[in-house]
Amino acid sequence: MNAELFERYGLRMLDGLVVTVELVVISVTLGALLALPIALARTSPSRLLRGVSFAYVGFFRGTPMLAQLFLVYYGSGQFRGALESVGLWWLFRDAFFCCIFTFTLNTAAYQSEILRGAMASVPRGQSEAAWALGLRGAVVLFRVILPQALIVALRPLGNEVILMIKGSAVASIVTVYDIMGVADLAFARSFNLSVYLWAAVLYLVLVETLSRVWAVFERRLGAHLAVSAARS
Amino acid sequence: MRIVKAMVGAALVLAASAGFAGAKDWTTVRIGIEAAYPPFNGYNANNELVGFDYDIGLALCAKMGVECSFVAQDWDGMIPALLAGKYDAIVSSMSITDERKEVVDFTDKYYTNALTFVAPKDTGITDVSPAGMAGKILGAQGSTVSAQYLEEQYGDADVKLYPTQDDAYLDLAAGRLDAVLADVGPSNLWLAGADGACCAFLGEAVVKDDLVGIAIRKEDGDLKAMFNKAITDIVADGTYKTINDKYFPFSIY
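Going down the list, the sequences are from chains A and B.
This note's numbering puts the first residue of the first sequence at 1, with every later residue one more than the last.
This note's numbering puts the first residue of the second sequence at 1, with every later residue one more than the last.
Please keep in mind that the hints were generated in silico from the structure rather than gathered at the bench.
If you're wondering where the values come from, they're calculated on a predicted model, not measured in any experiment.
A hint or two may mislead.
[Said to hold, decoys possible] Label pairs and their calculated CB-CB ranges:
no., chain 1, residue 1, chain 2, residue 2, range
1, B, Gly-135, A, Val-52, 41 to 49 Å
2, B, Ala-205, A, Leu-11, 28 to 36 Å
3, A, Glu-22, B, Leu-189, 48 to 56 Å
4, A, Phe-97, B, Phe-201, 24 to 32 Å
5, B, Phe-248, A, Phe-97, 36 to 44 Å
[To be verified] Just a sample of chain A residues kept apart from chain B, beta carbon distances all over 12 Å, derived:
no., residue
6, Thr-29
7, Gly-77
8, Val-144
9, Gly-167
10, Gly-222
11, His-224
Note that CB positions come from ideal geometry on N, CA and C, so glycine has one too.
Isolated chain B, as found in the complex (with noise of 0.2 Å):
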């Protein structure tokens, strides 16, 4: 039974790595999506899928002229099953970073994103340098920027990865954090609702500089230079504008 389990780990380790290869003629697109992240995605009452990103998708898939499905799918295993041909693209507010970049391929920017600490409104904290939160229990969700900064720069704190960003926030909420670090536009949708009375945006934004793309197999270039051009198209025409404004009172481009 052992060496069974052993067996089909290693299959699916090689299943995964040679992924689907091949030439395709792109009349249809699938995207995958983690729908669990509003105000970029999520689903609403009537258990449709909506968001910043949906709304990006389905305009640069009205750009290209192709028809485009969703596929929800939970954050961890987002780049996994984009390698394994679950999906061909991933619009779902994913940080162009160079480990990303050593698996799969990223499109330009299509919105900036800023990372923020969230903490609760009586907290002692005034300074949000590594320094000043030495020695703090910290939070992100996992497979993030913001999991990545924390452990990168946050080396002296006490820092807490969670599955997705509402344990993080249910967390922070329940005194177990003392500080959460995140995208600016979650912090700020959970901060206007009734679970984020407790907490406030702490201090300046410590990240500004956070490109967010689509990721896309490295092996099709072609698709890449179709969202590209159609990213630069919504962009031009306005319809980005619009889309921009459903959500934000100020431009995230």
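Bound conformation, chain A alone (with noise of 0.2 Å):
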């Protein structure tokens, strides 16, 4: 390990660490605000919204984050008039939101399947008793289904949300300095290739830190369930 390396780029690695974590953690809380919403189009009687998010949802899963970036980084760039008209270019003009609207819509169409997928999961009768009780849709909605759901999504969400921490270092790419932006200046001026294992590191930190969490999230949400299995 190189001393006078760590001294020079030890603390930018860790306001590195920062802005992965800000992204992360920004990116996948307003993705699941819209995970709801896509996840309930998805299955909604509507022709129109059945179409409209699958087509998303299928853009989205099925393009590179990479290439997503690219496009609204470099793309918003091409319709700077259009956006400036609409107000919205000091927002697009910033790399690091351009990184969060990306990051956001790209794991809404994760969180969305995942879901679905748990929701599909819950037994019918559940909501046919709650029909059968006189609920309203929306009570059956989040007092019946999403509680037993979410249970469900609990461990692929935490997988969605370690697939963005390591896929987050895209944003190196726009200029954006998180863990990996620090790594590429570190490295492009001393040639060392230990800065590349530092910011392994980090990540590697980052992703035990997060399944640890949800271990305990796990335990926590699942307590009735270990508690039932138990007694039978």
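These two chains come separately, so use the hints to put the complex back together.
Given below as structure tokens:
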């Protein structure tokens, strides 16, 4: 380990860690908010809603996130005039915003599929019983279906967050100094490959921390299942 | 899986630092070139390599009496690929810097470069000194002398680095950057094109004595000597001037 290199880029690497965490937390949270309406649209009786949401999910799951980021970042640059006239250019001018925007749309597509699958796994009898009790649609969804679906969705959602942590490294291509961006910068100056090992370690720490937090979630949320399994 | 990843990474580091040692009989020389830096290097419409660097490389090989092949390589991986033995020399507008000299050797210069700012025509900037540029958003291609110069001298500005020079120009045209610092040759070519219509050179060159050489692995001193002699020869016999005049109306030696 090169002490001079560490002194020069060690702190910047930690700044990069903060940027990576911000990118992932913000986009995964916004993506989760979008995922529910998209999942509902996918199973909606309306052909239009089904078609649009199908195309959306198909596009974002079927193309590389790098290509999507390029489209948003350099694409918005081409439409500067139009974006200025609707007062949105100041947002798209910012590389960090472009990353959040792209990552959010991308993860929303994945999360909506996870949610749709999880909701489908809740036995039909549950909603039939709720309807029979005279509960309204929204109550059935939020009080009966979703609580059960989210337990099923938890593990694949954790997987998706881990994928986002690693996938967020593409932000470095559009001038954002996340972990990967700082590693690239340090490598460009020093030609010392160990900076990529530092970066790998930081990503490992992030992913490992997340999977531990997720294990706690699972124990908490699935506590009643564990108890009932033990009793039966 | 995580452990496997860490091990593969460690193995790569070892392999790269070990490199390919051993003396060689130089009958063939492989040359690394970025092929994305017109007019110095790039592809023409027929997908053939062209440019000042390419022509100089061919002329040097002819003078040395060796057979040359060119290998296209992304800029960021240029030196690592040289060290890993993918090719034997870099003839790709690489400036001679102290940092690079710690890992590779350089021949004598084969041209002299200047760094100049490029900005939108309606820019409000009049002073290109670090003080005048404080708080501005400045761009450059990563791993270049321009990037290094911005990082070191323009600490009060917001410096953004791009994988290729074209990406930096694109963002300048899009209005994301207040100015780009780059080599004068490629900027000149870009400004003359349709995409560069937005912009113009801004002020005098901030660096005028940036020497460009051919990078060679440290253990290949014999190859370095061959290149040095060939550079002197093509300058002396007028081959250099012919190539120079093909691309630039002024001498860049």
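Handout entry: Distal placement of Gly-167 of chain A relative to chain B, Cβ over 12 Å
Key = holds (15 Å)
Problem - Status of the given 36 to 44 Å range, CB of Phe-97 of chain A versus CB of Phe-248 of chain B - result: About 40 Å separates the Cβ atoms of Phe-248 of chain B and Phe-97 of chain A, which means 36 to 44 Å holds.
Problem - Beyond 12 Å from each Cβ of chain B, as asserted for His-224 of chain A - result: Holds, because the least Cβ-Cβ distance between His-224 of chain A and chain B comes to about 32 Å, which exceeds 12 Å.
Handout entry: Exclusion check [Thr-29 of chain A not at the chain B interface, CB over 12 Å]
Key = holds (26 Å)
Exercise for the section: Report holds if the minimum CB distance from Gly-222 of chain A to chain B is greater than 12 Å, and violated otherwise. Expected result: The claim holds: Gly-222 of chain A sits with its nearest Cβ about 24 Å from chain B, beyond 12 Å.
Problem - Least C-beta distance between Val-144 of chain A and chain B, which was stated to exceed 12 Å - result: Its Cβ never comes within 12 Å of chain B, the nearest being 38 Å, so this holds.
Handout entry: Gly-135 of chain B versus Val-52 of chain A beta-carbon gap, inside 41 to 49 Å or not
Key = 43 Å Cβ-Cβ, so the 41 to 49 Å window holds.
Handout entry: Outcome for the supplied range 28 to 36 Å, where the beta carbon pair is Ala-205 of chain B and Leu-11 of chain A
Key = Cβ of Ala-205 of chain B to Cβ of Leu-11 of chain A: about 33 Å, so the range 28 to 36 Å holds.
Problem - Consistency of the no-contact label for Gly-77 of chain A, given chain B and a CB cut of 12 Å - result: violated (3 Å)
Practice task
Could you check the hint for me, namely that Phe-97 of chain A and Phe-201 of chain B are 24 to 32 Å apart, CB to CB?
Solution key: holds (30 Å)
Practice task
Indicate whether the distance between the beta carbons of Glu-22 of chain A and Leu-189 of chain B respects the range 48 to 56 Å.
Solution key: Taking Cβ atoms as reference, Glu-22 of chain A and Leu-189 of chain B lie about 38 Å apart, which means the hint is violated.
Hint violations for this structure: numbers 3, 7, all remaining hints satisfied.
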